[in-house]
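Asks: Chains as they are written, first to last, in the working numbering: chain A, 1 to 151; chain B, 1 to 693.
By construction, these hints were calculated from the structure, which means they are not laboratory data. Heads up, the beta-carbon is just placed ideally off N, CA and C, and yes, glycines get one too. A hint or two may mislead.
What the simulated footprint calls covered on chain B by chain A, stretch by stretch (three residues with Cβ under 8 Å from a Cβ of chain A suffice, anywhere in the stretch; the number is not a length) [as the list claims (entries may be wrong)]:
hint	region
1	32-40
2	427-437
Here are the simulated distance ranges between beta carbons [to be verified]:
hint	chain 1	residue 1	chain 2	residue 2	range
3	A	Thr103	B	Cys213	49 to 55 Å
4	B	Lys229	A	Ala114	53 to 59 Å
5	A	Ser107	B	Glu390	28 to 34 Å
6	A	Pro19	B	Cys213	38 to 44 Å
7	B	Ser393	A	Glu127	40 to 46 Å
8	A	Ser107	B	Lys210	48 to 54 Å
9	A	Pro19	B	Lys194	34 to 40 Å
10	A	Asn31	B	Ser393	38 to 44 Å
11	B	Glu216	A	Ala114	54 to 60 Å
12	A	Ile72	B	Pro644	48 to 54 Å
13	B	Arg168	A	Asp93	39 to 45 Å
14	B	Glu216	A	Ser107	27 to 33 Å
A few chain B residues that don't get close to chain A, going by computed Cβ distances all over 12 Å [as the list claims (entries may be wrong)]:
hint	residue
15	His165
16	Cys169
17	Glu216
18	Lys378
19	Arg510
20	Lys576
21	Asn580
22	Thr671
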Amino acid sequence: MCSLPRRIIKETQRLMQEPVPGISAVPDDNNARYFHVIVTGPEDSPFEGGLFKLELFLPEDYPMSAPKVRFITKIYHPNIDRLGRICLDILKDKWSPALQIRTVLLSIQALLSAPNPDDPLANDVAELWKVNEAEAIRNAKEWTRRYAMDN
Amino acid sequence: MNVLKVLLVQLLRLLVWLWCRKRTKQQSGTMNLIGVAHDAFNSRDYGLATELYKKCVSELDGVADAAATRLDLQFGYADSMANSGRLRDAVAVYARIYKRGCVPDRLRHLATALIGALHADGPPPAPFDPLACVACGSVPRQPVSWNCGHCVCLKCDQKHSRDAHCPRCGKSKGRSRREVNVLINTLVQKFWPKHLEAAALRDEGNSLFKGGCLKEALEKYNASDKLVKDYPLTLANRSHVLLSLNRAQVALADAETVIKIWPHWPKGYFRKSLALSSLGRHDDSLIALACCIALERNPHPLRHDMCLALHHVLLPTLRAKSANFWIKRRKRASSDCEDSGDEDLHQHQQRARARQITVQGLMDRMLKAAEQLQKNTKSDKRSIDFLSKETTSPAEVVDFECVLCSRTLWRPVTTHCGHTYCWTCLDRCIDYNHPCPLCMSPLTEGVAGSERSVLDFVEKALSLLLPEEHRQRQQQEQEQSAEPQRRIPVFVCTTGFPGTPCPLFIYEPRYRLMIRRAIQNESRQFGMAAYLETEGRYADFGTLLEIRDALSFNTGCSIVTCVGISRFKVLSRGEKDGYNLAQVELLKDEPIPDERLEVVTALHNEVRTRAHTWLSFLSEKCRSEIEQTFGCMPEIEDDWFALPDGPQWTWWLMAILPLGSKLKVGILGTTSLEKRLRAINKTLEHLTSRNII
Ligand SMILES: [Zn+2]
Ligand SMILES: [Zn+2]
Ligand SMILES: [Zn+2]
Ligand SMILES: [Zn+2]
Numbered sequence: 001m002c003s004l005p006r007r008i009i010k011e012t013q014r015l016m017q018e019p020v021p022g023i024s025a026v027p028d029d030n031n032a033r034y035f036h037v038i039v040t041g042p043e044d045s046p047f048e049g050g051l052f053k054l055e056l057f058l059p060e061d062y063p064m065s066a067p068k069v070r071f072i073t074k075i076y077h078p079n080i081d082r083l084g085r086i087c088l089d090i091l092k093d094k095w096s097p098a099l100q101i102r103t104v105l106l107s108i109q110a111l112l113s114a115p116n117p118d119d120p121l122a123n124d125v126a127e128l129w130k131v132n133e134a135e136a137i138r139n140a141k142e143w144t145r146r147y148a149m150d151n
Numbered sequence: 001m002n003v004l005k006v007l008l009v010q011l012l013r014l015l016v017w018l019w020c021r022k023r024t025k026q027q028s029g030t031m032n033l034i035g036v037a038h039d040a041f042n043s044r045d046y047g048l049a050t051e052l053y054k055k056c057v058s059e060l061d062g063v064a065d066a067a068a069t070r071l072d073l074q075f076g077y078a079d080s081m082a083n084s085g086r087l088r089d090a091v092a093v094y095a096r097i098y099k100r101g102c103v104p105d106r107l108r109h110l111a112t113a114l115i116g117a118l119h120a121d122g123p124p125p126a127p128f129d130p131l132a133c134v135a136c137g138s139v140p141r142q143p144v145s146w147n148c149g150h151c152v153c154l155k156c157d158q159k160h161s162r163d164a165h166c167p168r169c170g171k172s173k174g175r176s177r178r179e180v181n182v183l184i185n186t187l188v189q190k191f192w193p194k195h196l197e198a199a200a201l202r203d204e205g206n207s208l209f210k211g212g213c214l215k216e217a218l219e220k221y222n223a224s225d226k227l228v229k230d231y232p233l234t235l236a237n238r239s240h241v242l243l244s245l246n247r248a249q250v251a252l253a254d255a256e257t258v259i260k261i262w263p264h265w266p267k268g269y270f271r272k273s274l275a276l277s278s279l280g281r282h283d284d285s286l287i288a289l290a291c292c293i294a295l296e297r298n299p300h301p302l303r304h305d306m307c308l309a310l311h312h313v314l315l316p317t318l319r320a321k322s323a324n325f326w327i328k329r330r331k332r333a334s335s336d337c338e339d340s341g342d343e344d345l346h347q348h349q350q351r352a353r354a355r356q357i358t359v360q361g362l363m364d365r366m367l368k369a370a371e372q373l374q375k376n377t378k379s380d381k382r383s384i385d386f387l388s389k390e391t392t393s394p395a396e397v398v399d400f401e402c403v404l405c406s407r408t409l410w411r412p413v414t415t416h417c418g419h420t421y422c423w424t425c426l427d428r429c430i431d432y433n434h435p436c437p438l439c440m441s442p443l444t445e446g447v448a449g450s451e452r453s454v455l456d457f458v459e460k461a462l463s464l465l466l467p468e469e470h471r472q473r474q475q476q477e478q479e480q481s482a483e484p485q486r487r488i489p490v491f492v493c494t495t496g497f498p499g500t501p502c503p504l505f506i507y508e509p510r511y512r513l514m515i516r517r518a519i520q521n522e523s524r525q526f527g528m529a530a531y532l533e534t535e536g537r538y539a540d541f542g543t544l545l546e547i548r549d550a551l552s553f554n555t556g557c558s559i560v561t562c563v564g565i566s567r568f569k570v571l572s573r574g575e576k577d578g579y580n581l582a583q584v585e586l587l588k589d590e591p592i593p594d595e596r597l598e599v600v601t602a603l604h605n606e607v608r609t610r611a612h613t614w615l616s617f618l619s620e621k622c623r624s625e626i627e628q629t630f631g632c633m634p635e636i637e638d639d640w641f642a643l644p645d646g647p648q649w650t651w652w653l654m655a656i657l658p659l660g661s662k663l664k665v666g667i668l669g670t671t672s673l674e675k676r677l678r679a680i681n682k683t684l685e686h687l688t689s690r691n692i693i
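Start from the sequences, fold in the hints, and give me the full structure.
Replies: As structure tokens, then:
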């Protein structure tokens with residue numbers, strides 16, 4: 001008999017009715033706080049053409065605490081580590097309860113367009129990105145082709 | 001002959017001397033009396049001063065060379081009477097004095113006394129438009145909200161920056177520098193764009209007027225009036241400018257419209273008074289001014305106007321002149337009569353002199369009119385929520401939605417940065433040490449502490465514009481606040497036991513909120529249940545705790561001393577604002593069947609003995625630690641077998657026994673005393689056997 005806060009119901013409705021271009025977020029059948037997310041790799045980025053699966057979970061005290069988001073699809077990106085954890089300030093200390101699932105996913109999409117090797121989570125990737133960006137981008141494209149385009 | 005002459009001269013001198021002495025004596029006596037009267041007046045003994053001045057006036061009556069003093073004495077006499085409340089008598093004396101003319105300012109004592117009389121009980125509480133600026137009565141422009149929950153225009157806030165208190169409710173306004181209230185600003189722009197435009201035109205008119213451009217100012221007021229017809233603020237200002245343009249008759253019409261629409265607004269009467277005075281209708285002008293004073297919060301700045309108005313009614317020449325002017329006007333209007341001005345003037349001078357006597361009657365009329373107005377204002381039940389009826393676009397539920405909970409704002413409060421959230425939504429942000437969610441500026445002490453109030457405008461706007469939504473929301477809240485009886489908050493931590501003390505350290509933000517609410521609603525109770533790793537959720541059995549004492553640190557953490565009240569079983573689980581809520585059933589032991597009582601008693605005694613044995617194995621240090629936290633082992637109650645939770649000492653023992661959390665929960669949830677005793681016995685057996693070996 002777990003009643004879902006109005007805030008989550010409204011956000012879910014809006015995600016369904018006016019989906020963000022390039023992003024789909026669908027709540028799990030058994031857990032309305034768990035979302036299956038697919039982000040399309042942005043145009044003109046090494047991730048173009050890829051479909052990246054993520055999981056998003058709204059903790060009990062959402063929106064006071066940030067949603068927990070993780071990439072499931074492997075991705076070669078300086079701000080995303082091997083476990084799919086994302087280095088994004090709004091998911092951590094810059095979280096504000098006025099932000100929404102929608103804004104979080106948009107920020108993640110933007111992070112794919114503009115990797116930030118100066119604030120890395122995956123150090124080896126970041127290192128290569130700084131030293132040899134061309135090769136890093138090649139790797140990212142290769143990973144995208146290999147892991148994010150299987151269908 | 002010479003001797004006779006000398007004698008005669010001497011006699012004459014003596015007579016003169018005697019006569020002179022008598023005169024000086026009398027005069028110096030009067031002079032002394034004047035001094036005393038003066039002192040009495042200055043020490044505010046107006047009753048005595050009246051008596052003394054009266055005597056002075058009568059004694060000096062025959063003395064011709066004392067005209068100046070005489071006037072002073074008459075004023076002293078009249079002023080004393082005015083100050084002691086004998087207004088009618090005082091007015092009679094003033095009327096005598098002013099027959100010969102005098103400056104208006106010398107009427108200040110009468111004016112002050114009249115203001116005092118008109119304002120005896122203070123102005124009646126006047127109805128007001130709940131959506132207007134509490135300072136100026138206009139639609140709030142660039143609204144800012146005060147700590148008392150009222151909102152004003154930014155300009156009005158600056159105008160009132162020196163006052164610490166709200167003119168509407170008298171509560172503290174809070175700090176002076178603040179941001180525009182974003183929500184109210186949005187609502188005002190949505191609902192009253194025309195009013196805003198009209199107000200802007202009125203502002204332009206005001207500054208043109210101040211700059212002396214009367215005609216241009218009038219045009220602005222006319223344009224403003226075209227947008228929003230008959231708005232009292234505009235009309236009052238237009239009346240002012242019209243009067244300055246010598247168009248007293250139209251100025252009067254505007255003032256009268258103002259009074260018709262806002263009968264509780266003193267300014268309307270003030271404008272009317274000035275227009276009437278300009279038209280020479282001084283009696284009516286005085287009455288209108290009295291009405292203004294009767295409604296005005298702070299009427300003392302009007303003293304000078306009162307002096308002038310009184311001066312006009314007391315001065316016979318002015319009255320005559322104005323009466324003549326008035327007659328001529330009327331003649332011109334009827335235009336069928338030949339102008340016989342001189343005769344009229346003479347007649348009216350006479351009539352005016354006759355009416356001099358009835359100036360007292362005018363006083364009576366004035367006081368009566370003011371009293372009647374105050375009475376009407378008090379009993380006026382007309383709603384004056386004009387703004388809510390003049391919205392240009394319909395209100396929608398989303399206009400009033402809280403960005404944090406996505407519900408219609410409930411008990412909205414505004415931060416210093418101008419953002420509005422539900423009271424509890426803001427509380428939660430503070431518990432989580434979040435800055436303002438919308439602009440990230442720090443949430444200061446003021447909003448965090450007790451100096452916040454529900455935002456009046458939003459509450460009123462919701463109830464007036466969306467009454468059905470407001471009613472539903474109210475109902476939801478009432479249902480929720482009634483819930484604690486059926487549903488309790490659950491602190492997921494460890495297992496507590498009935499009657500046993502339980503100190504808790506609360507550091508998680510969501511539980512801070514839970515504890516604060518428990519303290520606020522008088523129950524001071526909440527549930528506690530252990531988290532069971534194996535099940536991934538909190539246990540089905542827990543203990544209802546009562547807060548005995550709470551100690552908060554400025555970090556937001558607190559130590560809460562609780563004691564177990566009752567055991568419960570979780571029937572269903574829910575959550576609220578991040579913490580758990582459970583529908584529970586309180587547990588009670590099943591009664592022991594008579595045939596089992598003997599067995600249970602024996603078992604009870606056995607367990608007690610075994611407990612003592614186990615305790616004796618513990619180190620001295622360990623025992624003293626136990627005693628510090630949980631006290632000594634409780635004595636056996638006489639009716640231990642009939643208590644709802646069984647003997648207290650068994651729970652005391654449970655609190656200190658080294659048991660796994662699942663086992664503790666199991667024993668807590670057992671409602672058969674016999675079964676519980678057996679379980680404890682087994683544990684003790686196990687523990688002591690290990691010790692013996
Ligand atoms: Zn205002
Ligand atoms: Zn107030
Ligand atoms: Zn809210
Ligand atoms: Zn803010």
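Asks: How does the Cβ-Cβ distance of Glu216(B) and Ser107(A) compare with 27 to 33 Å: does it lie in that range?
Replies: Roughly 54 Å apart at Cβ, these two residues miss the hinted range, so it is violated.
Asks: Holds or violated: the 39 to 45 Å window for the beta-carbon distance between Arg168(B) and Asp93(A)?
Replies: holds (41 Å)
Asks: Against chain A, does Cys169(B) keep a CB gap of more than 12 Å to every residue?
Replies: Holds, because the least Cβ-Cβ distance between Cys169(B) and chain A comes to about 30 Å, which exceeds 12 Å.
Asks: Decide, holds or violated, for the assertion that all CB atoms of chain A are farther than 12 Å from the CB of His165(B).
Replies: holds (33 Å)
Asks: Given as covered by chain A, does the region 427-437 of chain B meet the bar of three residues or more with CB within less than 8 Å?
Replies: holds (count 7)
Asks: Grab the minimum beta-carbon distance between Glu216(B) and chain A and tell me whether it stays above 12 Å.
Replies: holds (46 Å)
Asks: Quick check on a hinted range of 38 to 44 Å for Pro19(A) and Cys213(B), using CB atoms only.
Replies: violated (58 Å)
Asks: Is it true that the C-beta distance of Ser393(B) to Glu127(A) lies inside 40 to 46 Å, as the hint says?
Replies: 57 Å Cβ-Cβ, so the 40 to 46 Å window is violated.
Asks: Checking the smallest CB distance to chain A, is Lys576(B) really beyond 12 Å?
Replies: violated (9 Å)
Asks: Against chain A, does the region 32-40 of chain B show at least 3 residues with beta-carbon separation below 8 Å?
Replies: violated (count 0)
Asks: At 12 Å, judged by beta carbons, does Thr671(B) keep clear of chain A as stated?
Replies: holds (24 Å)
Asks: Taking the beta carbons of Thr103(A) and Cys213(B), is their distance inside 49 to 55 Å?
Replies: holds (52 Å)
Going down the numbered hints, you'll see the structure goes against 1, 5, 6, 7, 14, 19, 20, 21, while the others check out.
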